[in-house]
Amino acid sequence: MSRLAARRKLTNLVAAALSSLAALIALAVLGSILWTLFERGFPALRWSVLTTSMAPTGENGGLANAIVGSLIQVGIGMVIATPIGVLGGTYLSEYARGSRLGQVTRFVSDILLSAPSILIGLFVYTLLVATTKTYSGIAGAVALAVIAIPIIIRTTEDMLSLVPTALREAAAALGAPKWKVTTLIAWRAAGAGMLTGLLLSLARLAGETAPLLFTSLGNLNWSTSLGKPMASLPIAIYQFAASPYEDLVQLAWAGALIVTVGVLAINIIAQLTIGRRR
Amino acid sequence: MSEAIPIAAMAGAAAVRPRRPSLSGGSGSAAARADRRFAGLVSSTGILVLALLSAIIIMLAVGAWPALRVFGPGFFINPVWDSVNEVFGAGIMVYGTLVSAFLALLIAVPLATGVAYVLTELLPDALRRPIGVIIQMLAAIPSIIYGMWGFFVLAPWLAEHFILDVADFFVDVPVLNKIFDYGSGNSVFTAGLVLGVMILPLISAMFVEILASTPVVLKESVYGLGATRFEVIRHVAVPYGKRAMIGAIMLGLGRALGETMAVTFVIGNATRLSPSIFAQGSTIASTIANEFNEAGFGTLKLASLLGLGLTLLIISFIVLAASRALVINKAGH
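Protein sequence lines correspond, in order, to chains B and D.
Reading the first sequence from the start, the letters are residues 1 to 278 in our numbering.
Reading the second sequence from the start, the letters are residues 1 to 333 in our numbering.
Because the hints were derived from the structure by calculation, they are not lab data.
The reader is advised that the hints may include incorrect statements.
35 Å max Cα-Cα, derived DSBU-like pairs, lysine-lysine [claimed, not checked]:
| hint | chain 1 | residue 1 | chain 2 | residue 2 |
| --- | --- | --- | --- | --- |
| 1 | B | Lys133 | D | Lys301 |
| 2 | D | Lys242 | B | Lys9 |
| 3 | B | Lys228 | B | Lys133 |
Generate coordinates for the entire structure from the input sequences, incorporating the hints supplied.
This is the structure in structure tokens:
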């Protein structure tokens, strides 16, 4: 074997070894994160975490108000974002091909998609909190909606672009007006994919913390009023993890476990929806 | 005006696929009216998205205006953040943001390249899809979890096993002993590390997808010439996917620059400038998260924090524009 061949073989071997090492390091670090989460979160999970509200240290509080607050804000955020996002994605895929406004909209939607989420929080603060002089659950929901809109636009456009044009042409040839082609043919054909996009943005919203910091603020007490500060799971985790009290830190880990399991469960459902379609 | 836009959009659509036949009636029929109404509804969401971004820019600029008027354009680079004397500048935070994001890329990109190589070339086919799915799952874990891990696991570990040793090692080397000066577990370095770990699954997932999309024929023809696996990746798959890989790195950079929760836990939130990466520091996002609720309505501090937000928005714009320019430039060849 010539020296050149030997050197090339060696390079190949070294590259394989180095990247295997990189993959092992990556696996170990990410494994460490999941392990820490279960090791600290699981023992702290008690039934009372789900049934009692947050309380000062030593009073055996739970996270019930934070969980309900998260559900309310994420729910309202999705209700606001879904129609706007789905129609926006439909516009980009079905109506805006090649038009100037379409190109600009797609570019702007991409900017919104990559905008840091804390800036969305600042925006909604100046829009809804500074003007009403009060932090509120509805402000949190609006901030989450602004984050979800570009995600839903992107996934909707992607999924609609997978629908064969021939399908739309067949419907159009039967005399169906464009709005019927869009709603009855394109939406129906892309339905599972669009649903997956909605699920993924739901999962994203459930873990968002930064945009809620100065919109819904967090609340130690039970409150379902949209006009008042509202608790949420990520904010509760943030407040408790930084506290010096061991029982509150444990509660933060329990909350972190609940959020992560929830987010991963939604993701798995979304993956299964895609998988079944393929 | 509200009529003109949907029609223009329809004209654009007609260029791609045939307009529907007029069998179902003229422009005055109920069906045609419904069609126009739906087109208008759909196009209005496009305008809404434009309005949303404009509103974000305007609100931040208007909110930051009092601070910019007092401190002038120097606000963006002045490394002073003094809440007592009410003198504010973004310099320290811009520095912390850029350094931590750069460290994150330094860690995540080589690791992600290794992961992508192993996943696309070395592993048996049966394992690729499940592991690919696991990576995508990891990318979905909320950033606050990475922050907690950094705060409770990584920072204490670094303080005990890493920082002292490295600082000891460089103590007699000029310049480097300033960069690797003694510090604490909560530092710009730790923040960069946590950010790197956080964007690792994101970049890996994109790299895997990009490398796997190289046409098999292209790879096989080079294998046919006797190339090794590494040579095929290095000289075929990577050049083929270069554009997309730069885009993926830029996406990770954007995520690292604007991340709040993963950083706030571990960076120490100090508002002094230090050349050492082991010193406590702050990023734009961490400072906003930390100090916002201390600033009352209408104060100069609040305006300065909104000014920080504006700075972050400008930095994100620059990164996005740079990635587009790079990608388009590469595509031209």
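Taking 35 Å as the top limit, are the C-alpha atoms of Lys242(D) and Lys9(B) close enough?
-> holds (25 Å)
Would you check the hint for Lys228(B) and Lys133(B), treating anything up to 35 Å between C-alpha atoms as holding?
-> holds (11 Å)
Within 35 Å, alpha carbon to alpha carbon, are Lys133(B) and Lys301(D)?
-> Since the Cα atoms of Lys133(B) and Lys301(D) sit roughly 17 Å apart, the hinted pair holds (cutoff 35 Å).
Against the hints set out earlier in the document, no violation occurs for any number.
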